[in-house]
Amino acid sequence: MTSFTLGELAARVGGEVVGDAGRRLSGLRSLAEAGGDDLSFYHNRRYLDDARASRAGALLVADPAEFPGRDLLVCREVYPAFAALLELFHPPVPPPAGVHPAAVVAASARLGAAVSVGPCAVVGERAVLGDGAVLGPHAVIGDDAEVGPATVLHPHVVIEPRCRVGARCILHAGVVIGSDGYGFATSGGVHGKVPQVGIVVVEDDVELGANVCVDRATLGETRIGRGTKVDNLVQIAHNVVVGEHSLIVAQVGISGSTTLGHHVVMAGQSGAAGHLRLGDGTVVTAQAAVMADTKPGEMVAGSPARPQKEWYKALANLLQLDALRRRVRELERAVGKLGGEK
Amino acid sequence: MTSFTLGELAARVGGEVVGDAGRRLSGLRSLAEAGGDDLSFYHNRRYLDDARASRAGALLVADPAEFPGRDLLVCREVYPAFAALLELFHPPVPPPAGVHPAAVVAASARLGAAVSVGPCAVVGERAVLGDGAVLGPHAVIGDDAEVGPATVLHPHVVIEPRCRVGARCILHAGVVIGSDGYGFATSGGVHGKVPQVGIVVVEDDVELGANVCVDRATLGETRIGRGTKVDNLVQIAHNVVVGEHSLIVAQVGISGSTTLGHHVVMAGQSGAAGHLRLGDGTVVTAQAAVMADTKPGEMVAGSPARPQKEWYKALANLLQLDALRRRVRELERAVGKLGGEK
Amino acid sequence: MTSFTLGELAARVGGEVVGDAGRRLSGLRSLAEAGGDDLSFYHNRRYLDDARASRAGALLVADPAEFPGRDLLVCREVYPAFAALLELFHPPVPPPAGVHPAAVVAASARLGAAVSVGPCAVVGERAVLGDGAVLGPHAVIGDDAEVGPATVLHPHVVIEPRCRVGARCILHAGVVIGSDGYGFATSGGVHGKVPQVGIVVVEDDVELGANVCVDRATLGETRIGRGTKVDNLVQIAHNVVVGEHSLIVAQVGISGSTTLGHHVVMAGQSGAAGHLRLGDGTVVTAQAAVMADTKPGEMVAGSPARPQKEWYKALANLLQLDALRRRVRELERAVGKLGGEK
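Chains A, B and C, in that order, give the protein sequences. Once you know that position 207 of the first sequence is 207 in this note's numbering, the rest is easy, because the numbers rise by one and skip nothing. Counting the second sequence from 1 gives a position; this note's numbering is that position plus 1000. Counting the third sequence from 1 gives a position; this note's numbering is that position plus 2000.
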């Protein structure tokens, strides 16, 4: 098993050692599971007691003052350092390059260098796979679709025809890119299908969680911006544009033609109605329903969503309505008495 | 590239030309993307400025008065005309008929004329595929299941045994038809499985979005009525009946044994409890939770849902509680003073 | 067709017969569909009229007094008896044992006795399948993953590498076990991936609905306790622990590192924030959003969730705000008059 000294780990992440720089560590484990040969980490105050009680050989922390007498790796930004060290202790193992004999690849498809195509994967006519792309078992790449270099598709990912996924993306199992948008023209009570002839473009460095659905545009593109991370079971409708470096948490739904700026956060189970603009850095709290445009940096809550402070004030008032009602009753008694005394 | 004159397009959809009927158009594009050779369209007031600024060669509109001096195709119902013209400019390309050599089709299955069975699709014993049915890669048709004529299953659709899908349906990638209903008989704190021995029936002309789940009935049928359109990631539980021509938007959940009338609309992320009846034409707004039967044509909102007007009135009152509280405080001061003056 | 006398059926479930114990029954059907040769059942007061009107030859009920003059099978716990009789009338048909020639099984995988591996299923290096395990078509078992004895995986289930599923589990179509948790370390506005190197453990007798996603832990385990039943389209994030015998209804989302006790119920479309503890027997009502720890047996509602009684009281108050406001206006008039009379 590989091991590192605390000093080597500190050098790797640009941190400083407090205590024994020569202490040898062979794993990176949670506070509860770490033993004397392991590094662990502390970055959430909720777990301070656990961190103090941990039997870890050393701790990755931001503030050494909280852990007197312990061997520490001190970094200003604990979480990025934790990520880097996790990768050090658990280097990713790329699947073997080559096309599995049980895959079905069209003769007209163009495969880059060192691609890996798993068993039963299907690659359509004229599809393009960039260098080092990985297709898990049963991935389906439609005709004329593109998968960028070093992008990894887990099992059962579907890229419908003509859609494009950029470089270094990760698409988890069951992702569907390019299903038809939900567009119908109703006439006489019958919903006629509006053909969905646009595409989906997923830019570079995007991650999409398991069973995420991204619909193709009616015309033009549905687009997910560079560096955006999408959690499981999210719905992104036709012609939506998600800006760069946004975070879309599990089970969010974004309705058609809505545009999100960059660095937007939509928390779990929240939603946005169609044809809206969410400004850069908008934060939508869990289960909120955005029904109107938001300004850059705005934080909204509630269903329909309101500015977050206003909504929480309203909820606090709501929970004190019993008290307000009692005061009104008091007043009615007092006024009745005053009136009767006339 | 095919092109049409504005006059030809008008004839196709029963519209009228304002301006140059001989103008030749080779594409149908969005307001922003259309150039001089393209038709575009305007049907949502939100985009009036965009429509006026569009460089499209001609516009499909309902009211010519809003666009003086432009070449127009005028239709009373813009959206159905748009759908028809989209299909004209982008005629669907059916996949080649035949069974892919990497498909696995039971000898006892009955395949209609001109069916298309994609690579790695699996068709079970005694399954029936109607004429012109299309099975995308990795579609799985269980034993004794039926897929109607001209129905299209995108990749990875699963039809569990004995379930039936009608004619001209479209099932997007990852749809699951006939998973077991969520039925347990709890005894002594242990949840025993209630066998789910019923089926799912999807009637004709239904569209189901990506990763939609429709559970089989405990006994009898779960049924989705003719012409109903279901968006991505919707959950339809055992023994639900969805009436004809309903619209079930993304991430909706309908609990067991609930019955929807025809032309019901459930907006995104809304839900309905079990054993309810939603009257014909009920409209459930986004994120609402229906907990009681609804009358025909009723519109409900909130969680639990109330008549929409009542709920919006209540929310408006909620946001003015600060003002009401100030008025009560004023009253208390005034009454205190009056009492003191006695 | 197999048939049974009412007496035989009663003996099977430890119930008592009222009426003709020799009556022969060949099916178990719903109240509406049952005929004279069928048993039906009554266990929900909502359907009392339907039960009385049913043409079923006999009824399974808890209280014979409600059905004078009918042939009855009387059980104190109707629903478990119903489940047992359903299985009697519809004995499960296991798929044939063996590995389908179109499956792809690694030479290093260990397959127990009588396993069934369907067409196009993929079993990775060193994976283990317990005795009698069933892999439906296109199931994907990652390297070093384990599937316990008698566990059934429906089509398209994905078990990512190293994850473990126990004995007698049922995983419905499209389930994803072991997708990466949603973990990112943001630095300079860029979200860096935190490697997710833990696993998922699904204990014995768990059922997971269609398209459910369970993320692997960052470190350590995500765990679903013995006997827990999860409905369709549920999201379970990294490092979540769900206790034994819990019920997680459709479209629920549980955020990272949250721990549920045993016998917790989360109703449809509800959610829980991260790093919480939900006590044993907690009940979360539909669409509620749990944002704080709950005590054992607590019932919560609303978004953010409050004790259920408090929340329903608040909602009732909310709907009566118009009345309260009128009373305040009355008071203002009365006080104005009193003041004027001074």
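No wet-lab data here; the hints were simulated from the structure. Please note: incorrect hints may appear among the correct ones.
[To be verified] What follows is a list of derived Cβ distance ranges for each label pair: (1) B:D1037 to A:A106: 29 to 35 Å; (2) B:D1049 to A:A106: 42 to 48 Å; (3) B:P1092 to C:T2002: 46 to 52 Å; (4) B:K1309 to A:D293: 21 to 27 Å; (5) A:V190 to B:A1097: 27 to 33 Å; (6) B:A1097 to C:P2096: 27 to 33 Å; (7) A:G14 to B:V1093: 51 to 57 Å; (8) C:P2096 to B:P1091: 43 to 49 Å; (9) C:S2187 to B:A1065: 36 to 42 Å; (10) A:H90 to B:P1096: 43 to 49 Å.
Note that CB positions come from ideal geometry on N, CA and C, so glycine has one too.
Against the structure, the hints:
In this structure, B:D1037 and A:A106 meet the distance hint of 29 to 35 Å, their C-beta atoms being roughly 32 Å apart. The hint said 42 to 48 Å for the Cβ distance between B:D1049 and A:A106, and at roughly 45 Å that hint holds. At roughly 49 Å, the beta carbons of B:P1092 and C:T2002 sit within the given window of 46 to 52 Å. Taken as a hint, the range 21 to 27 Å holds for the pair B:K1309 and A:D293, whose Cβ atoms sit roughly 25 Å apart.
For the pair A:V190 and B:A1097, the beta carbons lie near 29 Å from each other, so the given range of 27 to 33 Å is met. Checked against the given bound of 27 to 33 Å, the beta carbons of B:A1097 and C:P2096, roughly 31 Å apart, stay inside it. For the pair A:G14 and B:V1093, the supplied restraint of 51 to 57 Å holds, since their beta-carbon distance comes to about 55 Å. Taken as a hint, the range 43 to 49 Å holds for the pair C:P2096 and B:P1091, whose Cβ atoms sit roughly 45 Å apart.
For C:S2187 and B:A1065, the hinted distance range of 36 to 42 Å is not satisfied, since their beta carbons lie about 56 Å from each other. Separated by about 45 Å at the C-beta atoms, A:H90 and B:P1096 satisfy the suggested range of 43 to 49 Å.
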